[in-house]
Amino acid sequence: MTTVSFVPVALTRRQAALVEAAAARIFPTTDTPGATEAGVVNYIDRALAEAYPGLLSLYRSGCRALAGESKRRYGVDFLKARPDQQDDLLTAFEAGGVDGFPKAKEFFGTLRDHTMEGVLGEPAYGGNRDLVGWKLVGFPGHQYGYEDAYINKVVDLEPKALDRPYPTKEAWNA
Amino acid sequence: MPNNPKAVDVVIVGIGAVGGIMAKQLASAGLEVVGLERGPMAEFEDYASKDSIRSITRRNFDERVRHEPISVRQREGAPSAKRFTSTPVNAVGGGLAIWTGSATRFMPDDFRVDSNEVQAGVADKARADLTGYEIRDWPISYDDLEPYYERFEWEMGVSGDADANPFAGPRKKGYPLPPLRQGARNELFGDACARLGYHAHPTPNGILSEAYQPPAPYDTRIQERPACVYCGQCNNYGCHVQAKLSSAWTSVPVAFETGNFDLRTNSKVFRIETGPDGRATGVSYFDPDGNVVEQRAKVVIVASYIYEASRLLLLSGKGKRGLANSSGQVGRRITAHGDVRYTGIFDDYIVNGFIGPNSGMRMDDFNGNNFDHTGVGFIRGGTIGTSGGGTPLERYDAIPPGWPRWGEAYKEYLAKYYTRQADVTSHPEALPHRENFIDLDPRFKDEWGIPLPRTTFAFHQNEHKMWAFLGEIEQQILREAGASEVWGFPTNRASRWAGGTVMGDDAGDSVVNGYCQTHDVDNLFVVGASVFPTMTGYAATPTVCALAYRTSEYIVGASGLF
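From first to last, the protein sequence lines are chains A and B.
Under this note's numbering, the first residue of the first sequence is numbered 1480, with each subsequent residue one higher.
Under this note's numbering, the first residue of the second sequence is numbered 2, with each subsequent residue one higher.
What the hints contain is simulated information worked out from the structure, not anything from laboratory work.
Certain hints may be false.
Away from chain A, derived, C-beta distances all over 10 Å, residues of chain B [stated by the list, open to error]: (1) V73; (2) R76; (3) Q214; (4) D290; (5) G291; (6) R435; (7) D447; (8) G450; (9) Q462; (10) G509.
What follows is a list of derived Cβ distance ranges for each label pair [what the hints assert, rightly or not]: (11) L1535(A) <-> A165(B): 50 to 60 Å; (12) E1637(A) <-> F372(B): 39 to 49 Å; (13) V1633(A) <-> A459(B): 40 to 50 Å.
Just so you know, even glycine gets a beta-carbon here, dropped at the ideal spot from N, CA and C.
All chains should be modelled from the sequences, with the hints used to inform the complete structure.
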C-alpha cells in the first residue's frame, strides 16, 4: 500500500510511503490539515536530494527499522498498523529503545525536525502546501511589513509566500 | 607569485562593519586603499530574501557565501571538532548583513572592570571566585570613544531614546532617530519591568525608524535609506528595505565614490608579509581562481572576525610564535556571550512575536556594575531584554517541559500558542579566562590547506553563577507580564566572540595599543572585537565601529606610516 502521489527522487516509493505515514502521526490531520496535506514527504524527499544528501542513509536505515519493528511487534507492516500502534512505535524510536537500531532516537529527531520544516517552511521547498502550516499557527508569511503593531489582536492578513522576494513594494504586493 | 600588483597605501583584510568604515575614512583622506574580502558582494536579492528555510534552518542567507569551518574544543587536551558557523558572514558587510541591529554603547564602567570592581572591592563583597580569570582595564575610556560612538550613530543611523536608560554613559548628542515601534513588547516587558521597578527602554537599534540620510557635519555622501517596515525578520535575515544598517549600503558605496578604493571579493588572505626590518610589507591571498597574489601596502589593517584575526597573526611572521606576538598574547583572552533564555506563554494575550523589530525592549538594571553585587557570587552581569526570531521555524520547539513534542496535542499547542509566546533573554558577559584561547589546529585544515583556527573555550564559575541569577530575573519578568507558564534554561551556547589580540598599554602583555596598532609592527593594525580586554553585556558593533573611526583618524594623522 502506498499513499505517495508523486515520484520521489531521493527516497524509494516504499520509503516515501513510510516517511509520509510517520509524519502523519507526528503532525496529524485532525479537523485541520496536517503533515499529509502540507506535503511533508515531498519536502523531505527534495531536501534529501538537494540539501541533506548526507542524511539519506539515516532515512534508509530508519525506514527499514520502522518497518521491521512494526512487523516484529504487531505482525503487520507499519503502513497497515493502527494509528495507536504507529504512535507507540514512534514513541519507542523517540526514546531510543529499538533493538538493533542504535540510531532510532536520531532518526526520530531528524524526522520530526524535517516534518516541521515541511509543515512550517516556505512552500517553494515542496512543503507547507497552500500555506496550511502558516494558516494553522497564525503566521501571515512573507508580508512586506506590518503597518499596524497588532497589539493583543489577531493579525487578519491573508498569508502569502513569495517564490523569490522582490525589491520594490509594488512588485512585492503585485 | 603569478603577479605582483603595485604597492598601495593601505590594504584592509575583511570588509565588514570595521573594514567598510575604515575604507571610507582612509580613501576619503586621499589614501589608496585595497579591500580584500573573502566572501562575495551580497546582492540585493539575497538581502531581500525572507526565506526561513534558507536563513534559519539551513543558515545560508546568501547561497554564494562560503562558510569556512573553525575547530572547537572545550578544554586543552580534548580532541577538537570541525564546525561550520554562520557567523561571521563571509560577505561584504560581514555580520551586519544579518545582524539584529542591537546598537548600544558600552557603559563607562565596562572599560574599568579591574579598577572599579576587582580593586575597588566589588568582587570581594560579591564573594566572587575569580580564580583563573584574566581581568584588566582597557587602555582607553568611554570618554575616548564618545565622539566616535556619536559619529557611528549619526552616520549609520541609530534609532533610540537617549534619556530612557539611566545606566547609559553621558553623551553630547542624542540619537538621530526616535526608537523603533515596540508593539506588544511595550505592554508585556515594558509594563512588567515598570511594575517591578526596572528601567525598561527600547533597544538602541541600527535600524532606521524614519527615512534617514546623515546631516552635516556627518558624512552626507551616505545615501538616504527608508524606514523599517517591521517585517520581523532581522536576526539571520537580510533587510529587504535596507533600513538595517550594513557597510554594503552605507560606508562601502562612499568608499567607491572616492575613486581610491579597490575592492576584491572572494579573496582569501592567508599571510601578512614582512620585510627584513620586521615591518609589514603587504599581504598574500588566494584570488577567486585560487592563484596566490601578493598585495604590497604601506599599512596593513586586519579587520576580520576574531577567529581570523588571531589565525592570521599566528600564520605570519618568521618564527613559530607568529607576527606581532612578542607578548605571547595572540589568541589569548577570548570571551563570548552566554545565552540565558526563558520563554512564557500567555493564555490571555496575543504577542505576535513575528512582528519586528527583533531587538526590542531591554533593561540594564542587572548589567555590568549597575547593581549591588553583595553576596551574589559573581561580578558583572548582562542586559536583559525581549528577543526576536519569531518565524514558525524558530518557534516550533518552544514547548513547555512535559508537553508533547509531536502528535495531536502538540499540534493543538502550536495552533494556540505560536502567536502567544515571548522570550526574555540575556546574553551575559563572560570574563577572559586563562583556559580559553585560539591557536592553529594541528589537524584540521581549510580548503586551501591552511590550519583552521581552533577555539578552546568553556564558560567558568563566574558565568554560571551569573546565569542562574539573571535567569531568576527573567522568570520574574515573564510571570509579572502574565505568562501562564514559564520555562527555560541557560545554555552553553557561546556567541558574539571577542578577544585574541588584546589591547593594552604594556607591550609585554598586550598585542595592540589603544589605537589598535600592534606594539611590535608599527604599520600593522588589528581592529575589531578581538582587541577587547573584557567583553561587556552588549553586542560589539557600535564599539568596533567607534574604534574603526578612531583608528582611521590616527592612521591619517600618524607620521612615518606613509
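How the hints compare with the structure:
Listed as outside the interface, V73(B) is consistent with that label: its C-beta sits roughly 20 Å from the nearest C-beta of chain A, beyond the 10 Å cut-off. No Cβ of chain A comes within 10 Å of the Cβ of R76(B); the nearest lies about 26 Å off, and the non-interface call holds. Non-interface status of Q214(B) relative to chain A is upheld: no Cβ of that chain comes within 10 Å, the nearest being about 19 Å off. The beta carbon of D290(B) is kept farther than 10 Å from every beta carbon of chain A, the shortest such distance being approximately 27 Å.
For G291(B), the shortest C-beta to C-beta distance to chain A comes to about 25 Å, beyond the 10 Å cut-off, and the non-interface label holds. With a least CB separation of 37 Å from chain A, R435(B) remains clear of the 10 Å interface cut-off, as annotated. Separation of D447(B) from chain A is adequate, the least Cβ-Cβ distance of about 20 Å exceeding the 10 Å criterion. Residue placement check: G450(B) keeps its beta carbon more than 10 Å from all beta carbons of chain A (closest about 23 Å).
Against the 10 Å criterion, Q462(B) stays outside the reach of chain A, whose nearest CB is about 32 Å from its own CB. No beta-carbon of chain A comes within 10 Å of the beta-carbon of G509(B); the shortest separation is about 48 Å. Our hint of 50 to 60 Å for L1535(A) and A165(B) holds, since their Cβ atoms are close to 53 Å apart. Between E1637(A) and F372(B) the C-beta distance comes to about 47 Å, which sits within the given range of 39 to 49 Å.
A hinted range of 40 to 50 Å holds for the C-beta pair V1633(A) and A459(B), which are about 45 Å apart.
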